[in-house]
Structure formats: C-alpha cells, structure tokens
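Chemist: If you want the building blocks of each chain, they are given just below.
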Amino acid sequence: MSRDTQAAIQFSHVHYQSGDTKILNDITGWFPKNHITTLVGPSGAGKTTLFRLCNGLISPDSGEIYIDDQKISSYEPVTLRRKVGIALQQAVMVPGTVRKNLALPVELQGEELPEETAKEMIRLVGLDERFLDRNAKDLSGGQRQKVSIARTLVMKPEILLLDEITSSLDRVSQQEIEELIIRINETYQTTIMWITHNLKQALSIGEYTWVMMDGELVETGESSLLKDPQNPRVQTFVKGESE
Amino acid sequence: MSFLLLGLSLIFVLIPLILSKTLNLGLEKDAVVATIRAIIQLLAVGYIIQFVFDAENFFYIFLMVVLIIGAAVQNARKKGVSIQGITWKLIVTFVFIEVLTQGILLGLNITPATAQYIIPISGMVIGNSMVLSILFLNRFTSEIESREAETELILSLGGTPKQAIHRPLISSIQASTIPTIESQKTIGLVQLPGMMSGQIIAGADPLQAVMFQLLIIFLLLTTAVVTSAMLGFLSYPTLFNERMQLLKPEKQ
Chain A
1 MSRDTQAAIQ FSHVHYQSGD TKILNDITGW FPKNHITTLV GPSGAGKTTL
51 FRLCNGLISP DSGEIYIDDQ KISSYEPVTL RRKVGIALQQ AVMVPGTVRK
101 NLALPVELQG EELPEETAKE MIRLVGLDER FLDRNAKDLS GGQRQKVSIA
151 RTLVMKPEIL LLDEITSSLD RVSQQEIEEL IIRINETYQT TIMWITHNLK
201 QALSIGEYTW VMMDGELVET GESSLLKDPQ NPRVQTFVKG ESE
Chain B
1 MSFLLLGLSL IFVLIPLILS KTLNLGLEKD AVVATIRAII QLLAVGYIIQ
51 FVFDAENFFY IFLMVVLIIG AAVQNARKKG VSIQGITWKL IVTFVFIEVL
101 TQGILLGLNI TPATAQYIIP ISGMVIGNSM VLSILFLNRF TSEIESREAE
151 TELILSLGGT PKQAIHRPLI SSIQASTIPT IESQKTIGLV QLPGMMSGQI
201 IAGADPLQAV MFQLLIIFLL LTTAVVTSAM LGFLSYPTLF NERMQLLKPE
251 KQ
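For the protein sequence lines, the chains are A and B, in the order given. Throughout the first sequence, residue numbering follows the UniProt record's numbering, covering 1 to 243 in sequence. Throughout the second sequence, residue numbering follows the UniProt record's numbering, covering 1 to 252 in sequence.
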C-alpha cells in the first residue's frame, strides 16, 4: 500500500486477549482512507475482534489504535461509535418495525428520523418504501442485512465496518449488497472495511486486503496479493479456499 | 399450643418423607434438614423476640432489624455474584426499604413504635424484599446474557449504557414484581394469607386481622417495586466501564 494514501485507522502493536486466550497478537498496520479494504482469514483469526476495537466496543490490552491520526482512547465513546459505524453478520434487530430500527441511531440522540430520510435510506439499500412498516422479525436474512446497513448509514459514519454481511445470502442478494457498498463508497467517500470469507468477493470489491491468521496480520497490500501470496501460510489458506 | 401437640404435628413431615421414599423422589435429606432448621430457627427467634418484647429497649429492636437485614443480604447476594459490589447494593436497598416503610408507618402513627409491631413488620418487609431481590437478580443476569447482542448493538450505534440496558432492566423489574401483584389479585379468594390466618387462630378479631393483612399487602407492593427498581438502577452501571463498554465476566 502506498503511503501517499491517508490512513483512516492505524494499529500499532495492538494486543487483545479474552481470559487466557490471545485473540490479537501484535497487530501493526493501517486501513487507507476513502477506500474499500477487505479482511480475509480463517475463522478465529481475530477479524471481528479487530472491528469491535475500532468501534470502541472493547479496548486493546496494549498497543495503540489511531483514527484519523488521533488516539482512539481520546475520542468520546459516542462520538467514536458514530464516526465508525459497524454492521454485524447477525444483523440484530430491535423489536418493532423497520422504521423503528432505522430511526434507532437518531432516537438514541433524542431526535426523530425525518420520514424523507427513512425513505431515502430504505431505497438506497434497494428495498421498497413499503418495507418501512414491516415488522423486522418478518424480514429474510438478506432484507435484515440491508436494513442493518441502512441503519448504520443513518449515522452517516465516515468509516463503515462490515462483518461478513453477505455470508448467509443467496448470490443475487450478495451481488446487490456488493453493488450497494461500492455505490456508498463512491457517493459518500466512506472508508469501508469488509470481513469476508469469499476470496472472489475480496478480489472483486476490495482495493486492498488484510490477511489475518491466529490473531496476526500475516500479509497486506493490494487485493491482487490474493492471486499470488508471498507468505506460505497465506498460500495454503488461499489454495484451501479456492478448492 | 403445647410442645406435645406441636410434636404430633410432625405427622405432616412424615407424610412427605414416606412419599419421597416410596416414589424415590430423593427429597428426604432436604426435607429433614429444612424441618430441623425451621424448628431451631423459629424457636430461637421466638425466645429472642420474647426477650426483646419484654425489654422494650430501642437498641434491641435496632439490633433485631440489623440481624434481619444481614441474613437477607447473605441469602440474596449469592444470586448476584456476577454484579460488582452486590453486597453493598443489597444493604443499601434493604436499609432504604426499611427506613421508607417504617418511616411512613411510625411517622403517620399507623402502627405504634413498639417491638411487637416493628420487628414482625420489618421481618415481612425485608423477607419479601429479599425474595424480590433474588427473583430480580436471577432474571436480570439471564436477560443481560440473552440480550447481549441487542445491548451491544445499541452501544455500537452511539447509545449510552442506560439506553443499552433499558429493555433488559425494565423487563427484569416487571418480571420480578409480577408474582407479588398476581398473588395479591387472588388473595382471600384462593388462600387466606398466613399472617391473617395466624391472628384468627390465635383468637384475634377477624376484621382487625384483615385490616392488618391489608396493611401488609400495601407494604409488600411498595417493597416489590422499590426493591427491583432500586437494585436495578444501582446494579446496571457496574456492567459497563468508563468507555461505555459492556463488561464480560472475564474482563470484569
């Protein structure tokens, strides 16, 4: 990665463990601003933990994380979480309608979501306006994911973290969400980090890639590295995933 | 009632023991221990209360109330070990309940300021508060676990700990107070309350017994709601750190 590009998030010797289990081990690297970076690696590599650190849901045991060159610990938690939005694989919904879910980030600040914004957001993720009155528990997996992304976008985050948001979706929904994310990146210049198990997806939508294994960052660079990895562990991983 | 007649009433302990043995229910040991404990504890309390009543000394009344609160805290705290500082939270809650209820009763002259009234009423109020605390803590800890994803979702969207814990907290308060409210709806229809029955058996005027029972019912309603709400609002901040992160047991 060229250092001409600005860093949205930087990690410096970040360690994190849960109980006696080391989850992240000496992570040092950065995510470029206004670009899409994908994170790949086997399950248990620490990718989701890395996202939770960036959103401030947890803090590192040691090391530093910088967002826009400012220490993450110096941000007010609420300010940080609205700057760095996160959409998780489970796409958790609060009980109620889609409208209520979309309004959640705004209501948490004691405000109301204007009807026009609700309509704009639901259309942005490729759903019909009539979905606003649907009960969130009646949505399909793909629809929940779209609502979850729209809900995160309501906060207008500068950085968007997407955790395996297409892993349980059919090919058509997957493609729709990929197009949506690219559109968001191009329209709002949002920095996007996307965890995926799908190497083809990582190659096609990510400009840059991080490969993580056993809590370590083992290889990073332009996504084309996945075609010809240098690290032997990554070579084995890529070969295994392609078969 | 003489000790001989009380001894005869042990037939009611023998019946479940025989049934347990015959049906292999495995309740014998627990039933025997519970019976022995009840006999020893109640007889001891009987003698102590007799002493305190005779002495009519405020210090002994105070000591009795402290003992009641201490025993209640000791019992309830086991259910909330995952909540930091639960012992102090329970002490504060029980003391507050005691001061609130006795303050109103004595302040408005509803009951006389004598050991005969203060000790039994304190026992009932704190006992109920203890049961409510156990119900609340059980429910609250399981709600936090089952709604962890929702709690973190709200935090991740920029919500405060209070906003994130709102639903588990309210649902736990509601769930723990339901038994008190429901049992009060059918009181007198399905069962005659123990205190009222006891007074009537002891020869008191039934109307007087009913009036005292109503007083206790009103007290227990206050106790139920205040205990759950107070314990909830005292407990939830310890589930988060200063970075507004939900603490997991291994990180607490």
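In short, the hints are calculated from the structure, not lab data. Check before you lean on any hint, since a few could be wrong.
What the hints assert, rightly or not - Between beta-carbon pairs, the in silico distance windows are:
id: 1; chain 1: B; residue 1: G46; chain 2: A; residue 2: Q90; range: 55 to 63 Å
id: 2; chain 1: B; residue 1: Q84; chain 2: A; residue 2: R134; range: 18 to 26 Å
id: 3; chain 1: A; residue 1: R130; chain 2: B; residue 2: E145; range: 33 to 41 Å
Unchecked claim - In silico lysine-lysine, PhoX-like type, Cα no more than 20 Å apart, as pairs:
id: 4; chain 1: A; residue 1: K33; chain 2: A; residue 2: K71
id: 5; chain 1: A; residue 1: K22; chain 2: B; residue 2: K162
id: 6; chain 1: A; residue 1: K100; chain 2: B; residue 2: K162
id: 7; chain 1: A; residue 1: K156; chain 2: A; residue 2: K100
id: 8; chain 1: A; residue 1: K22; chain 2: A; residue 2: K33
id: 9; chain 1: A; residue 1: K200; chain 2: A; residue 2: K156
A virtual CB, placed ideally from N, CA and C, is assigned to each residue, including glycine.
Chemist: Take the hints in turn and mark each one as holding or not.
Modeler: Quick rundown of the hints versus the structure:
Between B:G46 and A:Q90 the beta carbon distance is about 57 Å. The supplied range of 55 to 63 Å therefore holds. For B:Q84 paired with A:R134, a C-beta distance near 41 Å fails the hint of 18 to 26 Å. In this structure the hint that A:R130 and B:E145 lie 33 to 41 Å apart at CB holds, the actual value being about 36 Å. Distance hint between A:K33 and A:K71 is fulfilled; the C-alpha atoms sit about 16 Å from each other, no more than 20 Å.
The straight-line distance between the Cα atoms of A:K22 and B:K162 is roughly 31 Å, outside the 20 Å bound, and the hint therefore fails. A threshold of 20 Å between alpha carbons decides the hint, and for A:K100 with B:K162 the separation of about 19 Å falls inside it, so the pair holds. Among the hinted pairs, A:K156 with A:K100 is consistent with the structure: their alpha-carbon atoms are about 17 Å apart, no more than 20 Å. Between A:K22 and A:K33 the CA atoms are separated by roughly 29 Å; this puts the pair beyond 20 Å, and the hint is violated.
Proposed proximity of A:K200 and A:K156 is contradicted: the alpha carbons are some 28 Å apart, above 20 Å.
When each numbered hint is compared with the structure, violations occur for hints 2, 5, 8 and 9.
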